[in-house]
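Asker: Sequence:
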Amino acid sequence: MKQHTVIDSPCGPLTLVADDGVLCGLYMTEQRHRPAEETFGDRDSTPFAEAEEQLKAYFAGELRHFTLELRLHGTPFQRAVWEQLRAIPYGERRTYGELAAALGAPGASRAVGLANGKNPLGIIVPCHRVVGADGALTGYGGGLHRKRQLLDFECGAALF
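Quick note: the sequence shown uses this note's numbering, first residue -7, plus one each step.
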């Protein structure tokens, strides 16, 4: 059974979605690849207390690695990419090519980019830490302005 809640954040409202009590989605407003609202289930904040606490600590600069139980729905390749994203340390960046190489598929940077774009748990699974081969900011499901905001925050260049 799915449930959801909406919380405030410095990045705007975040919709958290749980599947049988396990976090499976974090969506920003106007996010690309955002599922239809009717798929989020009933509105109920009960299963989200720990996620809210960790997000609050992250935005306060007190948390650098999320320890939440997650249920990632996707293809085996997408899930492998998302696990690689979780390994990128706070404040660091990786290129799509570096992620592809880490997966043993050095020619798959484009496929990595597509999987990255469908990440259902932005911020917690830090797809914002992935940049183009030249270091330039490339697409971000939540919008490039939010990607820049998150990267600047993690590098200590800006506060929320």
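Keep in mind that the hints are not guaranteed to be accurate.
With a straight-line cut-off of 30 Å between C-alpha atoms, the simulated DSS-like cross-links for lysine-lysine are [stated by the list, open to error]: (1) K110 to K(-6); (2) K110 to K48; (3) K48 to K(-6).
Pairwise CB distance ranges, derived in the manner of DEER restraints [as the list claims (entries may be wrong)]: (4) E29 to P98: 30 to 40 Å; (5) P68 to T21: 23 to 33 Å; (6) E30 to K110: 30 to 40 Å; (7) E45 to G83: 17 to 27 Å; (8) P98 to K(-6): 14 to 24 Å.
To be clear, the hints were calculated from the coordinates, so they are not data collected in a lab.
For glycine and all other residues, C-beta sits at the position ideal for the given N, C-alpha and C.
Asker: Hints first: check each against the structure and report whether it holds.
Answerer: Structure-based check of all given hints:
Restraint check: the Cα-Cα separation between K110 and K(-6) comes to about 19 Å, which is no more than 30 Å; the hinted pair holds. A hinted pair counts as satisfied when its Cα atoms are at most 30 Å apart, and K110 with K48 qualifies at roughly 24 Å. For the suggested pair K48 and K(-6), the alpha carbons sit about 23 Å apart, so the restraint of at most 30 Å is met. Taking 30 to 40 Å as the suggested C-beta distance range, the pair E29 and P98 conforms, at roughly 39 Å.
Roughly 30 Å separates the CB atoms of P68 and T21, a value that falls within the hinted 23 to 33 Å. The supplied range of 30 to 40 Å is broken by E30 and K110, whose beta-carbon atoms lie about 19 Å from each other. Checked against the hint of 17 to 27 Å, the pair E45 and G83 passes, with Cβ atoms roughly 21 Å apart. Hint check: P98 to K(-6), Cβ distance near 37 Å, so the stated range 14 to 24 Å is violated.
The structure shown violates the earlier hints numbered 6 and 8.
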